[in-house]
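**Student:** Spelled out, the chains give:
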Amino acid sequence: MDKSTVVGLAAGWGLVALAIILGGVGFGPYIDVPSFIIVVGGTIAVTAGQFEANELKRFVPALKYAFNEIKVEPLPELVEKITFYATEIKKHGVMQIERKVLEEKNPFFKESFQLLVDGTKPDVLVPMLELKNEHMDNRHGAMIALFGNIGGTAGAMGMIGTLVGLVAMLANLSDPAAVGPAMAVALLTTMYGALIGTLFAGIIESKLAQKHKAEMVANEVVLSGAAMIAAEESIGNIKMKLNAILVEIPE
Amino acid sequence: MDKSTVVGLAAGWGLVALAIILGGVGFGPYIDVPSFIIVVGGTIAVTAGQFEANELKRFVPALKYAFNEIKVEPLPELVEKITFYATEIKKHGVMQIERKVLEEKNPFFKESFQLLVDGTKPDVLVPMLELKNEHMDNRHGAMIALFGNIGGTAGAMGMIGTLVGLVAMLANLSDPAAVGPAMAVALLTTMYGALIGTLFAGIIESKLAQKHKAEMVANEVVLSGAAMIAAEESIGNIKMKLNAILVEIPE
Amino acid sequence: MDKSTVVGLAAGWGLVALAIILGGVGFGPYIDVPSFIIVVGGTIAVTAGQFEANELKRFVPALKYAFNEIKVEPLPELVEKITFYATEIKKHGVMQIERKVLEEKNPFFKESFQLLVDGTKPDVLVPMLELKNEHMDNRHGAMIALFGNIGGTAGAMGMIGTLVGLVAMLANLSDPAAVGPAMAVALLTTMYGALIGTLFAGIIESKLAQKHKAEMVANEVVLSGAAMIAAEESIGNIKMKLNAILVEIPE
Amino acid sequence: MDKSTVVGLAAGWGLVALAIILGGVGFGPYIDVPSFIIVVGGTIAVTAGQFEANELKRFVPALKYAFNEIKVEPLPELVEKITFYATEIKKHGVMQIERKVLEEKNPFFKESFQLLVDGTKPDVLVPMLELKNEHMDNRHGAMIALFGNIGGTAGAMGMIGTLVGLVAMLANLSDPAAVGPAMAVALLTTMYGALIGTLFAGIIESKLAQKHKAEMVANEVVLSGAAMIAAEESIGNIKMKLNAILVEIPE
Amino acid sequence: MDKSTVVGLAAGWGLVALAIILGGVGFGPYIDVPSFIIVVGGTIAVTAGQFEANELKRFVPALKYAFNEIKVEPLPELVEKITFYATEIKKHGVMQIERKVLEEKNPFFKESFQLLVDGTKPDVLVPMLELKNEHMDNRHGAMIALFGNIGGTAGAMGMIGTLVGLVAMLANLSDPAAVGPAMAVALLTTMYGALIGTLFAGIIESKLAQKHKAEMVANEVVLSGAAMIAAEESIGNIKMKLNAILVEIPE
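Residue numbers (my numbering), protein chains in the order written: chain A, 1 to 251; chain B, 1 to 251; chain C, 1 to 251; chain D, 1 to 251; chain E, 1 to 251.
Because the hints were derived from the structure by calculation, they are not lab data.
If you're wondering where the values come from, they're calculated on a predicted model, not measured in any experiment.
Some hints could be false.
Unchecked claim - The calculated lysine-lysine pairs, modelled on BS3-like cross-linking and capped at a C-alpha distance of 25 angstroms, are: (1) K213(D) to K91(E); (2) K239(B) to K121(A); (3) K110(A) to K239(B); (4) K3(B) to K100(B); (5) K91(C) to K213(C); (6) K57(B) to K57(C); (7) K110(B) to K3(C); (8) K3(C) to K57(B); (9) K121(A) to K241(A); (10) K100(E) to K121(E); (11) K121(B) to K239(C); (12) K110(B) to K105(A); (13) K105(A) to K91(A); (14) K213(B) to K213(C); (15) K81(D) to K57(D); (16) K121(A) to K241(B); (17) K3(A) to K57(D); (18) K213(A) to K213(B); (19) K81(B) to K100(B); (20) K64(C) to K110(B); (21) K71(E) to K57(C); (22) K213(D) to K81(D); (23) K241(D) to K91(D); (24) K241(A) to K110(D); (25) K121(B) to K241(C); (26) K91(D) to K241(A); (27) K57(A) to K241(A); (28) K213(E) to K213(C); (29) K71(B) to K57(A).
As the list claims (entries may be wrong) - To give an idea of the interface, some chain D residues facing chain A are shown, with a C-beta separation under 8 angstroms as derived from the structure: (30) A17; (31) V46; (32) H92; (33) V94; (34) G148; (35) A168.
Beta carbons: idealized from backbone N, C-alpha and C, even for Gly.
From just these sequences and the hints, can you work out the full model?
**Tutor:** Shown next as structure tokens:
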């Protein structure tokens, strides 16, 4: 469970609820089912129309990815692990690490080192891992774009809903007392759209992008480590190069 | 027929209709022929002015492309097919696949493998397929841009229409009772523009972009497969490299 | 004469005129000379300040370029012509085409083939034509940016004009009857700005960009054709490579 | 202490305070705790949801980086220092500079020259320093993006707060006298959001970007200097190349 | 003196003054010292906070650069001059041009040809001039960004000022007669912000960008000319290559 996603979302919605309570008119004026239908339903409809069916299926996995703890370890641990494996291979040969590799949880690490165990040559290993990485980059990019799109669409549907409401109100000005509530209802769709865009799609989009970036950096470290091991570079060299990434120059 | 495009469009417009019905003033106040003419006609006029005649002719094919099922198979099937052809060629020679290739429906696949049947050398095959791909990329990009442009223009014409309506209303304030309906009419063009931008041009633009991306990825797989076959790489290598794309690392 | 530019512009302005007529208050309230001066004059002044004198001189040629029929032929005709010249040169020598080249209307084609007639070597020909192309790209890009800038500036001057008008109106609220017309006048500058941006600068900018793109693609085809002729490639090869661009894969 | 950051921030907030005082209604109407909570709290919540915990931890160091004097010297001093070290190494050998290097304050300089002292070969030195630089670029880019995000989120939360306030006000129009103050409160969240975006996040984001750019340019100079020393180029060459950066062509 | 900058600025501000005069309420309602202080002072404060002190010092030189006649000659004259120098060097040797070079006003030209006079080899000359060009590109880019930033900040401070004014007005609705003038004053900051953004920062930013682009193109021509002279290419070749840039293909 990724605590910051959960806490951020919960706190954000909670603060909006608090602001409504403190506003003194209760939740009543903020709830309007037709407004909810046009914004949420419209956003779903437009998104369904914009994307291919196989992209839409990634909505739930993407949500899970945003809410789950990232599976890649921090860079220092990763570098340590790679150095450990490199040393093991140098000392006892590549077969020695086979069982350990099977227990790895970082999937890209596992796959890269299984290829090492299988004796894959560096000139096959590197382009293959790069290709995997590139396709993962594409898939993640599509997921991130999906949520960015949802945010934008929710805003647009909110504006459309407000225009629909304003036209209804203006066409029917006979009762001045009804103007205020009618206008309040008209504004609700804009509010719903902004809430979905900021407190749902925006958070998920950004969190996915952060996790993706961390995963890509880690994968590149794994890739360069695996490549150096496959090329049978010295442990000293492997250590020095991997550590260059870590040494945080005090900023 | 691409179900998600149809369902998305139908549901989107249906929800707007529902919102209007639930608004309680009927469809009457939402229909204004002059407003419709200035937004739709203006968008058509500006688009005609912005693009060359031969780009404009692509409007209908582009719409069809957005509504039709994409012709390229999912990557796993594509990889399987390429591996199958590669094995056939190794076993029985390139002539053996000629008839099968003629029955292919994926046009880029068909063309690539016909070039293989014709015995095209890899150093001619690869740049030629890349050039084809690049020109297809250009043509698709122009179609996608056309719809992006239509969405933006509809919004701008909607705003111009609203300004025209507001000036008329403000210049003629003698009858306060007429202000509401006049303002409602003025807002209609903005609403029409937003609807065209979100529920038509935006959906088509995004769907075209999605299909284009899927097609480009598939074409690159076909290209790399055909290149490996032309270069007479081993079936084992071809399989391994193509499968590297597929193995979905659990995310 | 580029019909789509003319028709698009005429239809766009005609529809706005129609919308005004249908609005029922006549053209009167839409015409305000001071508003016109601040938007049009201000846009001219800002544009003059933003650009160098030699860029500003390109305004009229750029307008002509947008309104004139493009001088480059469609790609199929171009490919056919290059193949024809290549065959002539192979059969009768390069001098044979000299007179024909002089009659060419596509200027980049003419210049490229005159260099061939002059016996320019491929290693001089290609970089020189690429340099020419790059400088044309720069000049066209500057023209396109000029019109994009005009559109943005017109919008900004329109907003400034509206603010000037609103302040005048609000500072002088003593006569409520004057509020409506004063506000109408204030909105006129925003409307003028939007009209200039959408129905003039936007159309010209986009049309210039379309023509520029078509010209650049054609020039690249000419360049690659001339390079292949200079390198004395076989007619078969030249045909095959140039045709790869054309074969429209059914989309 | 970076005076321009401090002075800019202080003067900006001071001017807003002055504008409020000159407005004649006192600070009272500008202070509303619920509005403050929804904007500041909401921005914190959304930011927490958008970023990974380890990115959020960089908030305080990034603030310090924005407020502290940059540790890299101006380019002329840097060039002079590199030339000095290069001369020392040529004259007395690399060990001679060891003690001086340990006293350096520019961390990238220190690290680069320690590698020189350790006798690192140019083909190891250059890629390692480039890798360090790239990872620093990533870390700084993430910090800058964090503040850009905060600015955008504050604006969005301000708009949501205003919508919440407007709905409350419109739903409760019975007392016309309350409309003004209620609307004032509704606008406060937008104002808070704009103030956070412009007078906090925007300043920090831009200042971080400026410092980062200066540091990257300096690091590149250090890197090229260290590379030339490691490659044992002549002092004359090192001087000439480094000085090419400095000579400010009078503009 | 760059006439188009001066005329554009003067005409722009003059037209705004004219619009105010024609508005019939005089300059009075448009002048409000507190509004002026918050927008102009706030923009200065935020800009000071955003940039490093050494960037801020470039404000005045950048302004001068925008108002001064550009020092680089048009491309045809430049090409002619380079060809002249190349011929002189071929005929009389490199020392012959020394005195002439010292009198040159285009600083990049002067420096490049002084290096030629000093007998710098092409493999040192070209990277050094490229480095100089790159650093000039950076410095100019920073100046241009400074003015772009000022424009955006002025707009943001204008909006903040308007919000401050609106809150004051709404909190104090007791006197309806004061609403109009109070709102007028509130709008003034937005107007000031838009004026600074459009009629000052926008013009300077764009003019700097134009001059920078012209200078970079000229510098590249000088660089390629100097490189060809240093490489002792034939006058014929130098002429042909430099002229390729000039021949304006009729557009």
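**Student:** Now, for every hint given, state plainly whether the structure supports it.
**Tutor:** Checked hints:
1. K213(D) to K91(E): Violated. K213(D) to K91(E) sits at ~47 angstroms, over the 25 angstroms cutoff.
2. K239(B) to K121(A): holds, 16 angstroms
3. K110(A) to K239(B): holds, 20 angstroms
4. K3(B) to K100(B): violated, 29 angstroms
5. K91(C) to K213(C): Violated: K91(C) and K213(C) sit about 34 angstroms apart, past 25 angstroms.
6. K57(B) to K57(C): Between K57(B) and K57(C) the Cα gap is close to 34 angstroms, so the pair fails against 25 angstroms, i.e. violated.
7. K110(B) to K3(C): violated, 39 angstroms
8. K3(C) to K57(B): holds, 14 angstroms
9. K121(A) to K241(A): holds, 21 angstroms
10. K100(E) to K121(E): holds, 21 angstroms
11. K121(B) to K239(C): holds, 16 angstroms
12. K110(B) to K105(A): violated, 41 angstroms
13. K105(A) to K91(A): holds, 24 angstroms
14. K213(B) to K213(C): Holds. K213(B) to K213(C) sits at ~22 angstroms (cutoff 25 angstroms).
15. K81(D) to K57(D): Outside the cut-off at roughly 35 angstroms; violated.
16. K121(A) to K241(B): Measuring from Cα to Cα gives roughly 13 angstroms; hence the hint holds.
17. K3(A) to K57(D): Answer holds: K3(A) to K57(D) is near 14 angstroms, not above 25 angstroms.
18. K213(A) to K213(B): holds, 22 angstroms
19. K81(B) to K100(B): Holds, at roughly 11 angstroms.
20. K64(C) to K110(B): Roughly 44 angstroms between the alpha carbons, so the hint for K64(C) and K110(B) is violated.
21. K71(E) to K57(C): holds, 20 angstroms
22. K213(D) to K81(D): holds, 20 angstroms
23. K241(D) to K91(D): Holds. K241(D) to K91(D) sits at ~20 angstroms (cutoff 25 angstroms).
24. K241(A) to K110(D): Satisfied, since the Cα-Cα distance of roughly 18 angstroms is no more than 25 angstroms.
25. K121(B) to K241(C): holds, 13 angstroms
26. K91(D) to K241(A): Between K91(D) and K241(A) the Cα gap is close to 31 angstroms, so the pair fails against 25 angstroms, i.e. violated.
27. K57(A) to K241(A): The given pair, whose Cα atoms are some 40 angstroms apart, is violated under the 25 angstroms limit.
28. K213(E) to K213(C): holds, 22 angstroms
29. K71(B) to K57(A): Satisfied, since the Cα-Cα distance of roughly 20 angstroms is no more than 25 angstroms.
30. A17: With a closest approach of 25 angstroms, the A17(D) hint is violated.
31. V46: holds, 5 angstroms
32. H92: violated, 27 angstroms
33. V94: violated, 19 angstroms
34. G148: violated, 11 angstroms
35. A168: holds, 4 angstroms
In the structure shown, a violation is registered for the earlier hints numbered 1, 4, 5, 6, 7, 12, 15, 20, 26, 27, 30, 32, 33 and 34, in ascending order.
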